[in-house]
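Novice: Below, each chain spelled out in residue letters.
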Amino acid sequence: MTDESPWSVDRRTVLKTGVAVGVMANLPAMTNAAPPASKIAQPVNMTVTLRINNQSHALTLDTRTSLLDALREQLGMTGTKKGCDHGQCGACTVLVNGRRINSCLTLAVMHDGDEITTIEGLGTPEHLHPLQSAFIEHDGFQCGYCTAGQICSAVGMLKEAADGWPSHVSANLSAARVQLTDAEVSERMSGNICRCAAYPNIVAAIQSVRGVDA
Amino acid sequence: MIPFTYERATDANDAAKAASQPGARFIAGGTNLLDLMKLEIEKPAHLVDITRLPLREVEITNGAVRIGSQVPNSELAAHPLIRERYPVLSRALLAGASGQLRNKASTGGNLLQRTRCYYFYDTSKACNKREPGSGCAALQGFNRIHAILGASDSCIAVHPSDMAVALTALEASIETVLPDGSTRTLPIGELYRLPGDTPHIETNLRPGELITAVVLPAPPAGNQTYRKVRDRASYAFALVSVAAIVRVEAGRVRDARIALGGVAHKPWRALDAENALRGKPASMESFVNAAQAALAPAKSHGGNDFKIPLAQRVLTRTLADVAGTEAAA
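So the protein sequences, as listed, match chains A and B.
Residue numbers for the first sequence follow this note's numbering, so the first one is 1 and each next one is one higher.
Residue numbers for the second sequence follow this note's numbering, so the first one is 1001 and each next one is one higher.
No wet-lab data here; the hints were simulated from the structure.
If you're wondering where the values come from, they're calculated on a predicted model, not measured in any experiment.
Careful, some of the hints might be misleading.
Lysine to aspartate or glutamate pairs mimicking EDC-like chemistry, simulated, CA-CA at most 16 Å apart [as the list claims (entries may be wrong)]:
hint, chain 1, residue 1, chain 2, residue 2
1, B, 1017, B, 1049
2, B, 1017, B, 1007
3, B, 1017, B, 1180
4, B, 1043, B, 1131
5, B, 1038, A, 85
6, B, 1125, B, 1040
7, B, 1038, A, 114
8, A, 159, B, 1075
9, B, 1043, B, 1122
This is chain A alone, in the form it adopts within the complex (with noise of 0.2 Å):
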């Protein structure tokens, strides 16, 4: 003790210390608020394969993953984007099993066995998807961020429409076949937020692969 020199102390030290008087200024409130350690829910692990653009991954997850996250942080495919986590933007929009999802609200390991695509799995630089080319050509976003999401929820909205599921404005509820009208698209599209307002553009870049193989 008295070899060292009072002044010795590093930034590591004084953030330590600085920690530990606020845990002490704290203690009674969090004697009465913490439960004990033995109650204290410990995280729980599990493995999963999820099948992601054709390709198996075995993963060991916390239970608590999201798909979202699964994709993010464990495979870094960061392509799917994180908005809101809350199935507000559809900015985190995949396909599973062929049905458009968000990946926020969903637990990777209740998907074990899906067959799940994004954006990765949907085209490359080389070889685009018709709608990321649709979406480059008709200036169909501003910062890019939704743009993701906007493209694998309007590849899941075409299907749903060839499939003839109607929407909240279509006119006619059997009819056998959807008329993609700018006001149905719209409609359909309304699970993904554009905060730069893109909208006119992003439907004319989906009516423009309309009847293209998507």
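Please arrange chain B on chain A, whose structure you already have, making use of the hints.
Specialist: Okay, now just chain B, sitting in the frame of chain A:
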């Protein structure tokens, strides 16, 4: 999110048994439960995944249609039987949520979704539904979206489902399996509870009771419609919605079924309006009178004062439309 253990159920009865344990919950689409778990409003210790149970069929037997509880909202809305025979249900489903959410949300889960009251979601605020006995911040708060019918001093939250409003007008029933292996059937009117002084108890389901199907009786004669009024044109919860089935013969209303959404703690069957309408001429005067009867017991809380006239007008206009009556200017 609090850590939890997870199991995938392969049998409905086993699932009910597993979910009857303290801290256990079913998970199906997860679109509401996971949202609430992220905010630590829901804190299950164990999840029972029921999505792979064989409950995904829509089948017709003796004129009734039985919908498996795991049928996604999107597939149900698009099902030919529902589009042709129960258009009020297709319309209600299509008016709710987004394409992505409808693909995930299940029939059973839609019924059991929780309120979107801002104070229920905000864990720093008092909420008797989230924390029994803590009070209701909405009563004196920003209560624009809140209940005008059947509320209490404990809770003025509304049920958010569109689908359940249509099912109420259709007099659907709910089939369940209990942890002891027995089954029962509840009319939808007996599924939900008004808040009273126990707003945290929202349904009459017992611990572990699993919804296996929703059964629609043969559609009543008459025209069906669903109208929803909301703050934006798509992807928003109802301020007021109306499911109506009206049968007009020789210029008179022979029968009517009316349910309101966005106005109460449960989908609100407007029996007073139905009684006021039955046997009356299919005229604007009759529809106005029926709408007044439906809203006669309404009580507002400041921010939602507008909902009473809004509900009256939306109901009047919807009845005129479904009865095929020219609305007065």
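Novice: So, for every hint listed, does it hold in this structure?
Specialist: Going down the list of hints, with the structure as the test:
Distance restraint check for residue 1017(B) and residue 1049(B): the Cα-Cα separation of roughly 13 Å lies within the 16 Å cut-off, and the hinted pair is therefore satisfied. The straight-line distance between the Cα atoms of residue 1017(B) and residue 1007(B) is roughly 12 Å, inside the 16 Å bound, and the hint therefore holds. About 7 Å separates the Cα atoms of residue 1017(B) and residue 1180(B), which keeps this hinted pair within 16 Å; it holds. About 13 Å separates the Cα atoms of residue 1043(B) and residue 1131(B), which keeps this hinted pair within 16 Å; it holds.
Between residue 1038(B) and residue 85(A) the alpha-carbon distance is near 9 Å, which keeps this suggested pair within the 16 Å criterion. Restraint check for residue 1125(B) and residue 1040(B): the C-alpha separation of about 14 Å stays at or below 16 Å, so the hint holds. For the suggested pair residue 1038(B) and residue 114(A), the alpha carbons sit about 24 Å apart, so the restraint of at most 16 Å is broken. Restraint check for residue 159(A) and residue 1075(B): satisfied, since their Cα atoms lie roughly 13 Å apart, inside the 16 Å limit.
Restraint check: the Cα-Cα separation between residue 1043(B) and residue 1122(B) comes to about 15 Å, which is no more than 16 Å; the hinted pair holds.
Hint compliance for this structure: hint 7 is the single one not met.
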